[in-house]
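*Asks:* Chains as they are written, first to last, in the numbering used here: chain A, 894 to 1007; chain B, 270 to 382.
Simulated from the structure, these hints should not be mistaken for laboratory data. From the three backbone atoms N, C-alpha and C, an ideal C-beta is built for every residue, glycine too. Hints are supplied without guarantee of correctness; some may be wrong.
As the list claims (entries may be wrong) - Here are the simulated BS3-like cross-link-like pairs (lysine-lysine), alpha carbons at most 25 Å apart as the crow flies:
id: 1; chain 1: B; residue 1: K321; chain 2: A; residue 2: K950
id: 2; chain 1: A; residue 1: K964; chain 2: A; residue 2: K896
id: 3; chain 1: A; residue 1: K950; chain 2: B; residue 2: K272
id: 4; chain 1: B; residue 1: K272; chain 2: B; residue 2: K369
id: 5; chain 1: A; residue 1: K896; chain 2: B; residue 2: K369
id: 6; chain 1: A; residue 1: K992; chain 2: B; residue 2: K321
id: 7; chain 1: A; residue 1: K992; chain 2: B; residue 2: K369
id: 8; chain 1: A; residue 1: K992; chain 2: A; residue 2: K911
id: 9; chain 1: B; residue 1: K321; chain 2: B; residue 2: K369
id: 10; chain 1: A; residue 1: K948; chain 2: A; residue 2: K896
id: 11; chain 1: A; residue 1: K963; chain 2: B; residue 2: K369
id: 12; chain 1: A; residue 1: K963; chain 2: A; residue 2: K950
id: 13; chain 1: B; residue 1: K272; chain 2: A; residue 2: K992
id: 14; chain 1: A; residue 1: K946; chain 2: B; residue 2: K369
id: 15; chain 1: A; residue 1: K992; chain 2: B; residue 2: K338
id: 16; chain 1: B; residue 1: K369; chain 2: A; residue 2: K948
Stated by the list, open to error - Stretches of chain A that chain B covers, calculated by requiring three or more beta carbons in the stretch to come under 8 Å of a beta carbon on chain B:
id: 17; region: 928-939
id: 18; region: 991-1000
As the list claims (entries may be wrong) - Pairwise CB distance ranges, derived in the manner of DEER restraints:
id: 19; chain 1: A; residue 1: D944; chain 2: B; residue 2: A286; range: 35 to 45 Å
id: 20; chain 1: A; residue 1: G909; chain 2: B; residue 2: E327; range: 41 to 51 Å
id: 21; chain 1: B; residue 1: L349; chain 2: A; residue 2: K963; range: 35 to 45 Å
id: 22; chain 1: A; residue 1: L934; chain 2: B; residue 2: P290; range: 41 to 51 Å
id: 23; chain 1: A; residue 1: G990; chain 2: B; residue 2: T371; range: 18 to 28 Å
id: 24; chain 1: A; residue 1: G909; chain 2: B; residue 2: P290; range: 42 to 52 Å
id: 25; chain 1: A; residue 1: E972; chain 2: B; residue 2: H346; range: 41 to 51 Å
id: 26; chain 1: B; residue 1: Q314; chain 2: A; residue 2: F913; range: 20 to 30 Å
id: 27; chain 1: A; residue 1: T898; chain 2: B; residue 2: R350; range: 19 to 29 Å
id: 28; chain 1: A; residue 1: V945; chain 2: B; residue 2: E335; range: 18 to 28 Å
One letter stands for each residue in the lines below.
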Amino acid sequence: DVKVTQSSRYLVKRTGEKVFLECVQDMDHENMFWYRQDPGLGLRLIYFSYDVKMKEKGDIPEGYSVSREKKERFSLILESASTSQTSMYLCASSFRGPKLYEQYFGPGTRLTVT
Amino acid sequence: DAKTTQPPSMDCAEGRAANLPCNHSTISGNEYVYWYRQIHSQGPQYIIHGLKNNETNEMASLIITEDRKSSTLILPHATLRDTAVYYCIVREAGGTSYGKLTFGQGTILTVHP
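Taking the hints into account, I'd like the entire structure generated from these sequences.
*Replies:* Below, the structure is given as structure tokens:
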């Protein structure tokens, strides 16, 4: 079975702190994604990576950066956390090509910024 | 991307088949129908997808009408653990948009004992 793991299920941080969210997948997927999910707003793509060291901005990249130094690992960085970044963060991975939309998600990290 | 319409909620008795409909009347010829679900407080889970033929896997069956304007996800023997929000999505497999998934409101399926 595909396994996508995220570093924390719950995280509480203070405004202005730098926050690292890590995601690891064990299926040799080329693609990795970071989404956030908020009530009433659905799933929104933050960043996407299709290869090591490659990244593309999604719909809401402002205030976030990402790092992909190894194929299995994709990190999301909040440079200076704000209360508006309180959300559920979901990491996903998939193969390239026809399997692009067969995405496997991690359990999510519920981040609260106070 | 084609828009999808799903009923907001459905109920099903445990052990019975759950049939979840989805309308996608503007689907184009190279677009696939994907189904995901999300159990409360968990990440979304890919279930199944298809183009025009019926598909079956260990989780569910997908029936797509001949004109491809609608489809039905079938959970053959629903259990309490199948209680979740089910999302129907239409996408061109391997297309652009960086693989962005967009979930609509979905159908809240409640399985009763």
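*Asks:* Each hint needs a verdict: does it hold in this structure or not?
*Replies:* Outcome of the hint check:
no.: 1; hint: B:K321 x A:K950; result: violated (32 Å)
no.: 2; hint: A:K964 x A:K896; result: holds (14 Å)
no.: 3; hint: A:K950 x B:K272; result: holds (24 Å)
no.: 4; hint: B:K272 x B:K369; result: holds (15 Å)
no.: 5; hint: A:K896 x B:K369; result: holds (20 Å)
no.: 6; hint: A:K992 x B:K321; result: holds (17 Å)
no.: 7; hint: A:K992 x B:K369; result: holds (13 Å)
no.: 8; hint: A:K992 x A:K911; result: violated (34 Å)
no.: 9; hint: B:K321 x B:K369; result: holds (22 Å)
no.: 10; hint: A:K948 x A:K896; result: holds (22 Å)
no.: 11; hint: A:K963 x B:K369; result: holds (22 Å)
no.: 12; hint: A:K963 x A:K950; result: holds (19 Å)
no.: 13; hint: B:K272 x A:K992; result: holds (21 Å)
no.: 14; hint: A:K946 x B:K369; result: holds (19 Å)
no.: 15; hint: A:K992 x B:K338; result: holds (22 Å)
no.: 16; hint: B:K369 x A:K948; result: holds (14 Å)
no.: 17; hint: 928-939; result: holds (count 4)
no.: 18; hint: 991-1000; result: holds (count 10)
no.: 19; hint: A:D944 x B:A286: 35 to 45 Å; result: holds (42 Å)
no.: 20; hint: A:G909 x B:E327: 41 to 51 Å; result: holds (47 Å)
no.: 21; hint: B:L349 x A:K963: 35 to 45 Å; result: holds (39 Å)
no.: 22; hint: A:L934 x B:P290: 41 to 51 Å; result: violated (25 Å)
no.: 23; hint: A:G990 x B:T371: 18 to 28 Å; result: holds (20 Å)
no.: 24; hint: A:G909 x B:P290: 42 to 52 Å; result: holds (48 Å)
no.: 25; hint: A:E972 x B:H346: 41 to 51 Å; result: holds (48 Å)
no.: 26; hint: B:Q314 x A:F913: 20 to 30 Å; result: holds (26 Å)
no.: 27; hint: A:T898 x B:R350: 19 to 29 Å; result: holds (21 Å)
no.: 28; hint: A:V945 x B:E335: 18 to 28 Å; result: violated (44 Å)
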